[in-house]
Each structure stands twice: as structure tokens, then as C-alpha cells.
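The whole structure should be built from the sequences, with the hints applied where relevant.
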Amino acid sequence: MQFSRHLPRLLAACVFAFSLLGAWRAEAVVVRFNSVLGNIDVRLYQTATPLSTANFLNYANGGDWVDTFIHRSVPGFVVQGGGFKFPSDAVGVQSVSQDPAVLNEPGISNLRGTIAMAKLGGDPNSATNQWFFNLANNAANLDAQNGGFTAFGRVVGNGMTVVDAIAALPRVNAGSPFDTLPVRNYTTGNIVKANLVTFNTILPLNVPAGDYNFDGKVDAADLAVWKSDIGSTTKAEADGNGDGTVNGADFLVWQRTFGQNFGAPAVAAVAAVPEPAAATIAFLAVVGCRLARRRK
1 MQFSRHLPRL LAACVFAFSL LGAWRAEAVV VRFNSVLGNI DVRLYQTATP LSTANFLNYA
61 NGGDWVDTFI HRSVPGFVVQ GGGFKFPSDA VGVQSVSQDP AVLNEPGISN LRGTIAMAKL
121 GGDPNSATNQ WFFNLANNAA NLDAQNGGFT AFGRVVGNGM TVVDAIAALP RVNAGSPFDT
181 LPVRNYTTGN IVKANLVTFN TILPLNVPAG DYNFDGKVDA ADLAVWKSDI GSTTKAEADG
241 NGDGTVNGAD FLVWQRTFGQ NFGAPAVAAV AAVPEPAAAT IAFLAVVGCR LARRRK
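The opening residue of the sequence shown carries number 1 in full-length UniProt numbering; numbering runs sequentially from there.
Since no wrong hints were added, every one of them can be taken at face value.
The calculated SDA-like cross-link candidates involving lysine to any residue, where the alpha carbons are at most 20 angstroms apart (straight line), are:
| hint | residue 1 | residue 2 |
| --- | --- | --- |
| 1 | Lys-227 | Arg-256 |
| 2 | Lys-235 | Ala-139 |
| 3 | Lys-119 | Asn-141 |
| 4 | Lys-193 | Ser-88 |
| 5 | Lys-235 | Leu-111 |
| 6 | Lys-119 | Pro-106 |
| 7 | Lys-193 | Asn-173 |
| 8 | Lys-227 | Asp-215 |
| 9 | Lys-119 | Gly-147 |
| 10 | Lys-235 | Gly-248 |
| 11 | Lys-235 | Pro-106 |
| 12 | Lys-227 | Gly-248 |
| 13 | Lys-235 | Thr-161 |
To be clear, the hints were calculated from the coordinates, so they are not data collected in a lab. The structure displayed is predicted, hence computed values, not measured ones.
Right under this line is the structure:
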């Protein structure tokens with residue numbers, strides 16, 4: 001009887017604790033490369049490659065990749081950027097400042113559509129600001145070479161159409177490291193900014209973590225995407241927790257964010273918020289229940 005009398009209060013406290021989770025506003029770790037040839041959206045693997053993801057977001061949110069360009073194109077292999085920018089014809093080429101190198105995180109295979117960190121030969125832990133898109137399944141070459149190249153994200157939507165368009169451009173030898181430089185509308189003479197594949201911005205998208213069709217809201221349509229892709233390691237739209245596989249954990253991400261509506265997708269001003277750990281969720285529930293007991 002004593003327990004029954006206090007049960008409503010205890011349950012109310014526990015429900016309040018879990019309501020904190022319901023108010024959890026989590027952004028997807030999806031980055032938009034806004035290039036002169038179109039947008040490339042990339043889901044980052046924040047669970048599988050947390051160090052590389054944090055490293056990438058640090059450059060992106062710092063604006064370091066504004067006016068950067070693709071400086072290397074090897075058809076059937078990779079297109080690479082991140083290391084050089086071209087602010088204007090008057091300024092010309094500049095190197096992007098480097099943060100400390102990030103530890104290697106191999107494991108995700110270098111398949112077509114993945115983005116991976118570039119690094120120095122013979123030094124697995126030398127990745128800084130350069131990255132490349134895999135144009136083909138390069139696992140046999142890149143998964144073991146130099147400690148394995150860290151694939152830390154995957155292109156989603158129709159972004160590979162833009163990547164393939166970059167790879168299809170003619171190339172010129174402008175001297176190392178621009179000896180396979182893709183160019184647009186170029187015939188001869190000096191290369192100007194309009195000839196390069198530049199990025200206006202590279203920034204996180206402001207969409208909910210469970211928004212798997214990237215329309216700004218979490219609803220039944222996103223659950224349909226998850227159901228369609230369950231078990232996949234080569235589709236990342238519904239990989240909400242960024243572990244490299246569409247699985248039950250991604251259903252929970254959808255469930256926890258169901259009903260959230262951030263409006264029309266746009267680039268965010270800050271890095272995406274990581275999903276709270278299960279231990280944190282349990283802790284909140286326990287705190288709520290203990291509060292109820294103290295009021296007895």
C-alpha cells in the first residue's frame with residue numbers, strides 16, 4: 001500500500017528523466033561540400049572513426065576549406081582535395097594551415113563512394129587536412145597500404161554524380177603537387193580560379209540525427225529508408241550513429257528523434273552533437289527515480 005501510494009510520484013519522476021531524452025536535439029553528422037559543380041553530401045562515421053571525424057569537423061567549422069579546390073584527379077581511382085585554396089586570381093594558390101596529425105583509424109573499407117584521409121608515405125599517423133573520394137573499390141590497394149587508409153565517411157544521395165563529373169574533367173600538369181589537376185573551361189595560359197573545381201563551403205548540414213532522407217524532419221519516410229537499407233555497409237543514409245553499418249542502433253536514433261523538424265536543410269554553424277551514450281541515458285533514468293524516492 002505504501003509503495004502503491006507513492007507509485008504515481010515515482011513514475012512521474014522517471015518519466016521526467018526520460019523526457020529529457022525526448023527533448024534531445026541531435027544533429028546528423030552529415031557534411032555538405034558546396035562545389036562549383038554541385039553539392040556533395042557526406043555522412044561521417046563518427047562512431048567508427050571518432051578521431052578522424054573530429055579532425056574533419058574542426059577544419060570544416062573553422063572555415064579552413066573555403067575556396068579550396070580539387071588538386072588531384074586520377075580517373076578510376078581517386079579525386080583529392082583539402083590541402084590548397086585559391087581565394088582569388090590576385091592571391092593565387094595558398095596552402096591550408098595544418099592542425100596536428102590525427103591517429104590512423106582503419107577498418108572501414110575504401111570502397112567507391114567513401115571519403116578517406118590522405119597521408120604521407122610510410123607514416124600511418126600523418127593525416128591532417130587532405131582527403132580523397134574513392135572513385136572505385138580500392139580496398140585491395142588502400143585497406144592495407146601504409147597501415148590502411150582511414151575511410152571516415154560515405155557520399156549519400158546523388159553526390160557521386162558530382163564526384164564523377166569532377167573525375168571526368170580534363171587534367172593538366174601544373175607541376176607537383178598539381179600534376180593531375182582537373183580543370184574547367186581551360187585551353188592554355190595561366191590557370192585562374194574559374195578553371196578550378198573549388199568549394200564555396202564545406203560545412204555540417206543542420207538536419208536531425210534520425211532524418212534519413214535529409215528533408216529536415218524525422219518521420220515515417222525515414223523509417224522506410226532504414227527498413228530498405230537494414231544490414232547495409234555500403235549505404236550510409238540511414239547509418240544514424242555512424243558505425244559503418246545500418247542496424248538496430250540506427251532505428252533507436254530514429255526513434256529518439258521522431259517528430260523533430262529543423263526546417264529546410266541548411267549548413268550548420270557548429271559541429272554535429274554526438275549521440276548520448278547508453279550509460280548517460282541510464283544515468284538520467286536512475287537520477288529521476290532516486291529523486292522520487294527522496295520525496296517519500
